[in-house]
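**Student:** Here the protein sequences come in this chain order: A and D. The numbers in our numbering rise by one with no breaks, and the one at position 212 of the first sequence is 213. The numbers in our numbering rise by one with no breaks, and the one at position 79 of the second sequence is 484.
If you're looking for bench data, these hints aren't it; they were derived computationally from the structure. The structure displayed is predicted, hence computed values, not measured ones. Careful, some of the hints might be misleading.
Said to hold, decoys possible - Listing some non-contacts, in silico: residues in chain D with all C-beta distances to chain A over 12 Å:
no. : residue
1   : R415
2   : R445
3   : L463
4   : L529
5   : E534
6   : H566
Stated by the list, open to error - So the derived list for chain D, only partly shown, Cβ under 10 Å to chain A, looks like this:
no. : residue
7   : A418
8   : Q422
9   : E433
10  : I461
11  : H464
12  : Y486
13  : K562
14  : E577
Just so it is clear, CB atoms sit at the ideal spot from N, CA and C, and this is done for glycine as well.
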Amino acid sequence: MTMHRDSDALIAALVGELEPVRPLRFGAGLAGALTAAGLSAAGVVMLLGLRPDWVAGSADPMHLVATGLFGGLGLAASVTVIVMGRPQVGSDHGGWRWAAGMAALLPLVGLAAAIGRGREAMAPEVMRHGAECFGLGAAASLLVAAMLTAWLRRGAPTAPARAGLVAGVAAGAFGSFAVSLHCPDNDIVHIGIWHAATVVAMAAAGRLVIPRLIRW
Amino acid sequence: MRADEATLARLMALSQQGDRQSYAALLEACQRWLRGYYSRRIAPSSLDDLVQETLIALHTKRASWDATRPFLPWLAAIARYRWVDHLRRLYRADEHELHEELLGTDDEPAIAARISLDRLLGLLPPAQERAIALVKIEGLSIAEASAMTGQSESLVKVNIHRGLRKLALMIEKE
Numbered sequence: 002m003t004m005h006r007d008s009d010a011l012i013a014a015l016v017g018e019l020e021p022v023r024p025l026r027f028g029a030g031l032a033g034a035l036t037a038a039g040l041s042a043a044g045v046v047m048l049l050g051l052r053p054d055w056v057a058g059s060a061d062p063m064h065l066v067a068t069g070l071f072g073g074l075g076l077a078a079s080v081t082v083i084v085m086g087r088p089q090v091g092s093d094h095g096g097w098r099w100a101a102g103m104a105a106l107l108p109l110v111g112l113a114a115a116i117g118r119g120r121e122a123m124a125p126e127v128m129r130h131g132a133e134c135f136g137l138g139a140a141a142s143l144l145v146a147a148m149l150t151a152w153l154r155r156g157a158p159t160a161p162a163r164a165g166l167v168a169g170v171a172a173g174a175f176g177s178f179a180v181s182l183h184c185p186d187n188d189i190v191h192i193g194i195w196h197a198a199t200v201v202a203m204a205a206a207g208r209l210v211i212p213r214l215i216r217w
Numbered sequence: 406m407r408a409d410e411a412t413l414a415r416l417m418a419l420s421q422q423g424d425r426q427s428y429a430a431l432l433e434a435c436q437r438w439l440r441g442y443y444s445r446r447i448a449p450s451s452l453d454d455l456v457q458e459t460l461i462a463l464h465t466k467r468a469s470w471d472a473t474r475p476f477l478p479w480l481a482a483i484a485r486y487r488w489v490d491h492l493r494r495l496y497r498a499d500e501h502e503l504h505e506e507l508l509g510t511d512d513e514p515a516i517a518a519r520i521s522l523d524r525l526l527g528l529l530p531p532a533q534e535r536a537i538a539l540v541k542i543e544g545l546s547i548a549e550a551s552a553m554t555g556q557s558e559s560l561v562k563v564n565i566h567r568g569l570r571k572l573a574l575m576i577e578k579e
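Next comes chain D alone, as it looks inside the complex (with noise of 0.2 Å):
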């Protein structure tokens, strides 16, 4: 199923009235987004929690999405919110790779692109950001890290811990 913003809105109505149906095919959908929504801003062993936790917040947030309003700006501010949280709690990932797993790029590239983490990474400082994508991302270790960019170890965990504290508080901003 295409996961286009219409859809997703139609089903996510009828789901909160109770439809199992189509609540199984938007869980389904959204699992798939979510995937790609992430693809590449999460280390790939971290992904599946990550997935799993967002549609467990869906789940139990539902109510706080009307039909009145856009499914999927919602829908990636829980994703952010749940992702922001996930790299908070992060401890070094196993890849020092980043694999190039392209899924499920979205049919609606504007909204996607105001949407998207990339974006909201993008609001961030430069060091802020490469530190975090280092680090809390790519898995590499604060040493590696401080190498690749010439930052001293202990500016990479301030850089890392700012730039976490902003990601938090800019969760909703375009």
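Okay, chain A solo, but in the shape it has when bound (with noise of 0.2 Å):
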């Protein structure tokens, strides 16, 4: 009977303190994502300019397909998080994997492209240049993984490790997407490791931090 008072207690505690909420809707989220990877992306552009070819009105097939795949990791990942957000039972959280699957073409392409020319790729203005994409990358991919974090806080995410990660690759793959837009380097080298390192380091980051900001 105790029991059923203090349920009864409970329940009179919670409708006491009931205020109207804004249910969270998939577009809403989705509308949130896109926003803070365009305006990261168009932050790096205005504060770095755009790549000279893109200016000349042309573009290099390489760093089309490297950007397209970025982007588009960018975006499975995203719809994930937004989806793990909203909890229930039946959902599928695996989609962004396929995109992941193809996304790491590039750094098994580029880590045996960089095998093949041997110490050439190890030259110390090749890997100046290449930490400089990663922390521009890195930097820029800072305001997605916030969003999706603020996401994942008012939602009810079951899986926060998971989450973690995911919003981690989300952040990452678009914090790539947007250095794809100055980068002028369309070596297969560079892309595949570095700027593929950027989606890397902010998985392993999201997997370690987002998880203790979401918990419930």
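Got two chains here, separate frames each, mind docking them using the hints?
**Tutor:** Laid out in structure tokens, this is it:
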């Protein structure tokens, strides 16, 4: 009997503090993620400039493929994170893996090409340029990471560790997408290693940091 | 009140707009539904705590449902999350026996079966499911569970650990 009295008191307390809430809509979440990605890309272009070939009205096919893969991965992972914030038995959270599998071709091919080149691939100038893009990509991913973390905090992710990982992948992929609009390098070794490293590093950071912020 | 999908969804939509009368009816119905949902899947002494924790989670996370989606699969995801979390935190319960109290079976058997805890447990390998059921749900000691299953004590512990980790990853799985 006591237990029911406790539950009744709890229900009365919860009812007493009820305030209207705006439901988390899928469209609003997606719009938020795309806006954050768009602002990050615009920020990179405004601060550092657009790629010279784009300014001249042309584009390198390798660059387009890589940029498209990063953008697609960012979109797919963002969609997964947004779905994870709105739990439901029967939801599927695996869609982003297909996009990740396709984007993984970039580092695989990049590493293979780097091995073929030997020491040349690790020349100081190459490393410096790579580290620049890596750092810029990480910085450009922070806004998306913050937006997705805020979404997950408002939502109810039932797998916080996985949600943190996927949010990191989304942020890193959109960060690399933003850098791709500025970086003039079309070399698969540079893109496959340094631009992809942003995604891997942000995924690791997301997995480590975000779950602590979203657990409920 | 019948805890059917359409009624609960309607009450939840009104609750999200701040309608306290609907919210009181919703929480009351959810409380009954949760008691049935958790019954026999948690030590009886923990049932009240778990139901109340889940009601609080429903309250704090009520924005994560919207009216375009079914209500019970959402509530079940919240309930499974709290259940797995509870099993992880649970120490040996006082009860050694499982009370056979069948509470409030649901009106929609197809949905109930799909979102049930049994279905989730059934996705585990049998040895892990059995170890969790005996120790975490029925409250037996590791030694007692070991004697009943024929698994060594360390294997019982490993099976519980692995099983809970898998459960945590499968919360929204059908």
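**Student:** Give a verdict on every hint.
**Tutor:** Results of checking the hints against the structure:
1. Under the 12 Å C-beta cut-off, the non-interface status given to D/R415 relative to chain A holds; the minimum distance is some 14 Å.
2. Non-interface call for D/R445 relative to chain A: holds, since the shortest CB-CB distance, roughly 17 Å, exceeds 12 Å.
3. At roughly 8 Å from the closest C-beta of chain A, the C-beta of D/L463 falls inside 12 Å, breaking its exclusion from the interface.
4. Its beta-carbon lying about 16 Å from the closest one in chain A, D/L529 satisfies the requirement of being farther than 12 Å from that chain.
5. Non-interface call for D/E534 relative to chain A: holds, since the shortest CB-CB distance, roughly 18 Å, exceeds 12 Å.
6. The claim that D/H566 lies off the interface holds: its Cβ sits roughly 16 Å from the closest Cβ of chain A, which is beyond the 12 Å cut-off.
7. Given the 10 Å rule on beta carbons, the hint for D/A418 holds: about 9 Å separates it from the nearest Cβ of chain A.
8. Checking D/Q422 against chain A: minimum C-beta separation of about 5 Å stays under 10 Å; hint holds.
9. Look at D/E433: its Cβ gets to within about 6 Å of chain A, closer than 10 Å, so that hint holds up.
10. Annotation: interface hint on D/I461 holds; nearest CB of chain A at approximately 7 Å, less than 10 Å.
11. A cut of 10 Å between beta carbons decides the hint on D/H464: the least distance to chain A is about 5 Å, and the hint holds.
12. Hint status for D/Y486 relative to chain A: holds, with the closest Cβ pair at about 4 Å, below 10 Å.
13. Annotation: interface hint on D/K562 violated; nearest CB of chain A at approximately 22 Å, more than 10 Å.
14. Because the closest C-beta pair between D/E577 and chain A is about 5 Å apart, less than 10 Å, the hint holds.
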